[in-house]
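**Q** Next come the chains, spelled out residue by residue.
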Amino acid sequence: MVKPVIFTDKLTRRFGDFIAVDELSFSVDKGEIFGFLGANGAGKTTAIRMLTGLLTPSTGAASVAGFDLYTESEKVKRNIGYMSQRFSLYDDLTVKENIRFFAGIYGLTDTAIREKSAKLLETLDLQHAANTLLRSLPLGWKQKLAFSVAILHEPKIVFLDEPTGGVDPITRRRFWDMIYEASEKGVTVFVTTHYMDEAEYCDRISIMVDGRVAALDTPEALKRQHGVESMNEVFINLARHDKTF
Amino acid sequence: MSIAKRAVQLSALSKRFGAVEALQEMTLSVDEGELFGFIGADGAGKTTLLRILATLLLPGGGKAEVSGLDVVDSYRNIRRRIGYMPGRFSLYQDLTVEENLRFFATIFGTTISENYELIRDIYIQLEPFKNRRAGKLSGGMKQKLALCCALVHRPELLLLDEPTTGVDAISRAEFWQMLGRLKEQGITTLVSTPYMDEAALCDRIAFMQEGRLLAVETPSAITTLFRRPLFAIRARQTWQLITWLRSTTEAHSVYAFGRAVHYTAKCPGQTPDELLEALQRQGFTEVEVMRITPGIEDTFMALMESKTGEPDG
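Residue numbers (numbering that gives the first Met the number 0), protein chains in the order written: chain A, 0 to 244; chain B, 0 to 312.
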């Protein structure tokens, strides 16, 4: 039996009296593209901080990439990839330096770093820009590079927190090509987005409302259950009632 | 002298930052009372344009006017007439909701009550939290407060720089309802957004890419710029479908749209039945092929392609 890459059972996080994440229970399998949706303030960020080993849960059980969130959070951090729109790479380092820096952090050997850097630059067709400062790279390239760097150490799972914010529709779709490719190779992808059409690209979707999972299924099944044509309508149906300011 | 006053008039407006041409000879006019959208990705020049109109940045070349006033010569006058909401949250985090609003009212020599009609709908939602510090508000609330502060002096022209970026689908829908109500009050609004679905809610839209205008039209007319027959194709195996379609010599463009794939052929003669047959021969199951009317996003991508000469994703 294959163990799920993410497993949570009644995972909960409180801040004082406030329950940010309330008994989250789900599992994500190898190679799955899992969309993690919710309104602002629904508890997504807190959940992701727990799943990436940055925040200790209050109660409940959870493992990520085979490691326990309470006792092995350092191993969790080493065995996952992470990319967000706000933080990914360093603008003041060159493309090559960024690759070397992050590969080093994840403990790759010098030989491995050299080989992987060369291969990555070739795959992304970025050899000409190897010594360019990141800040002068177009946003679409930055995002592609950030994603590639996030999975350079071959993690079982990569967390993508609103990875496609601000880019044009063609670049956004190219980014999703990379997500599909990674998933085909067996990398599990855990992704948040405000673009509801992107939700349709996921294998399964969970929608958080007020700290709880209000829905979890394939996009097709969710649309069928709600009798609607798009994920946008599903989202609005579920999240609107509990809208808190 | 023209009698009909334009809210905004750009004539060959340009702006350069070092080697980057942020705006390239942009010519455009917006009528009074219009809800006008600038649609484009980061780096398209949307922020630069709005900052020039807000008199916060000097034009590099060409001319820009607000209500017939030049943005350089009459900047003081313009500042009284506009409300500007920058992309980054720029209210005072340490002041409460009410203090922020009172501060902006005072600066413009007015009071909250004087123009309360205009902001009432929005402010009602904020009122339960009026003693909360702005820094402690949720994303959707911050956005509403910023809009109130930009409106408190009843501007003629509202400039909103990506007000809905990073905001969830529900707050986005609410925000656009508010813009609709402001339009009824006669306020001209220029709003920038990376979200294609918001384009449909504007009176007119400008597609922007790398400092240039790709097209300026009403949302319904802009899709007529899409020339090729467009097909929506579905199959059980979406990713394999995309990969295979791209590998064919007939394909001109292949883009994922939710679970469907939007496809155009190089040669317009290809029929849905031919496509269906070809796909079934390849072993795809549950195949559907439908001729569809292009949407705003299809059109934007098609116009991008024709500029960059890259036909395919």
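Please note: incorrect hints may appear among the correct ones.
[Said to hold, decoys possible] Some, not all, of what chain A presents toward chain B, calculated at C-beta under 7 Å: (1) Leu136; (2) Leu138; (3) Pro168; (4) Phe174; (5) His193; (6) Asp196; (7) Glu199; (8) Asp202; (9) Lys222; (10) Asn231; (11) Arg239.
[Said to hold, decoys possible] Below are the BS3-like pairs computed for lysine-lysine, each with C-alpha atoms no more than 30 Å apart in a straight line: (12) A/Lys141 x B/Lys182; (13) B/Lys62 x B/Lys135; (14) B/Lys129 x B/Lys62; (15) A/Lys95 x A/Lys141; (16) A/Lys222 x A/Lys76; (17) A/Lys29 x A/Lys155; (18) A/Lys9 x A/Lys95; (19) B/Lys141 x A/Lys141; (20) B/Lys306 x A/Lys9.
Think of the hints as simulated: they come from the structure by calculation, not from any bench.
In this text, a Cβ means the ideal position worked out from N, Cα and C, and glycines have one as well.
**Q** Hints first: check each against the structure and report whether it holds.
**A** Hint check:
Annotation: interface hint on leucine 136 of chain A violated; nearest CB of chain B at approximately 11 Å, more than 7 Å. Because the beta carbon of leucine 138 of chain A sits about 5 Å from the nearest beta carbon in chain B, less than 7 Å, this interface hint is met. The beta carbon of proline 168 of chain A is positioned within 7 Å of a beta carbon in chain B (closest approach about 5 Å), and the interface hint is therefore held. The interface hint given for phenylalanine 174 of chain A is violated, since its Cβ lies 10 Å from the closest Cβ of chain B, which is over the 7 Å cut-off.
A cut of 7 Å between beta carbons decides the hint on histidine 193 of chain A: the least distance to chain B is about 6 Å, and the hint holds. The criterion of a C-beta within 7 Å of any C-beta in chain B is met by aspartate 196 of chain A, whose closest approach is roughly 5 Å, and the hint holds. Interface hint status for glutamate 199 of chain A: upheld, as the beta-carbon distance to the closest one in chain B is roughly 4 Å, under 7 Å. Because the smallest distance between the Cβ of aspartate 202 of chain A and any Cβ of chain B comes to about 10 Å, over 7 Å, the interface hint for this residue is violated.
Because the beta carbon of lysine 222 of chain A sits about 9 Å from the nearest beta carbon in chain B, more than 7 Å, this interface hint is broken. The beta carbon of asparagine 231 of chain A is positioned within 7 Å of a beta carbon in chain B (closest approach about 6 Å), and the interface hint is therefore held. For the restraint placing arginine 239 of chain A at the interface with chain B, the shortest Cβ-Cβ distance is roughly 6 Å, inside the 7 Å limit, so the hint holds. Pair hint lysine 141 of chain A plus lysine 182 of chain B does not hold up; C-alpha atoms about 38 Å apart against a cutoff of 30 Å.
For the suggested pair lysine 62 of chain B and lysine 135 of chain B, the alpha carbons sit about 41 Å apart, so the restraint of at most 30 Å is broken. Using a Cα cut-off of 30 Å, the hinted pair lysine 129 of chain B and lysine 62 of chain B is violated, with the two alpha carbons roughly 41 Å apart. About 12 Å separates the Cα atoms of lysine 95 of chain A and lysine 141 of chain A, which keeps this hinted pair within 30 Å; it holds. Between lysine 222 of chain A and lysine 76 of chain A the alpha-carbon distance is near 35 Å, which puts this suggested pair outside the 30 Å criterion.
Proximity of lysine 29 of chain A to lysine 155 of chain A is assessed by CA-CA distance (about 8 Å); at most 30 Å being required, the pair is judged to hold. A hinted pair counts as satisfied when its Cα atoms are at most 30 Å apart, and lysine 9 of chain A with lysine 95 of chain A does not qualify at roughly 42 Å. For a cut-off of 30 Å, the pair hint linking lysine 141 of chain B to lysine 141 of chain A stands: about 29 Å separates their Cα positions. Between the alpha carbons of lysine 306 of chain B and lysine 9 of chain A the distance comes to roughly 52 Å, so the proposed pair goes past 30 Å and is violated.
Comparing the model with each numbered hint stated earlier shows that hints 1, 4, 8, 9, 12, 13, 14, 16, 18, 20 do not hold.
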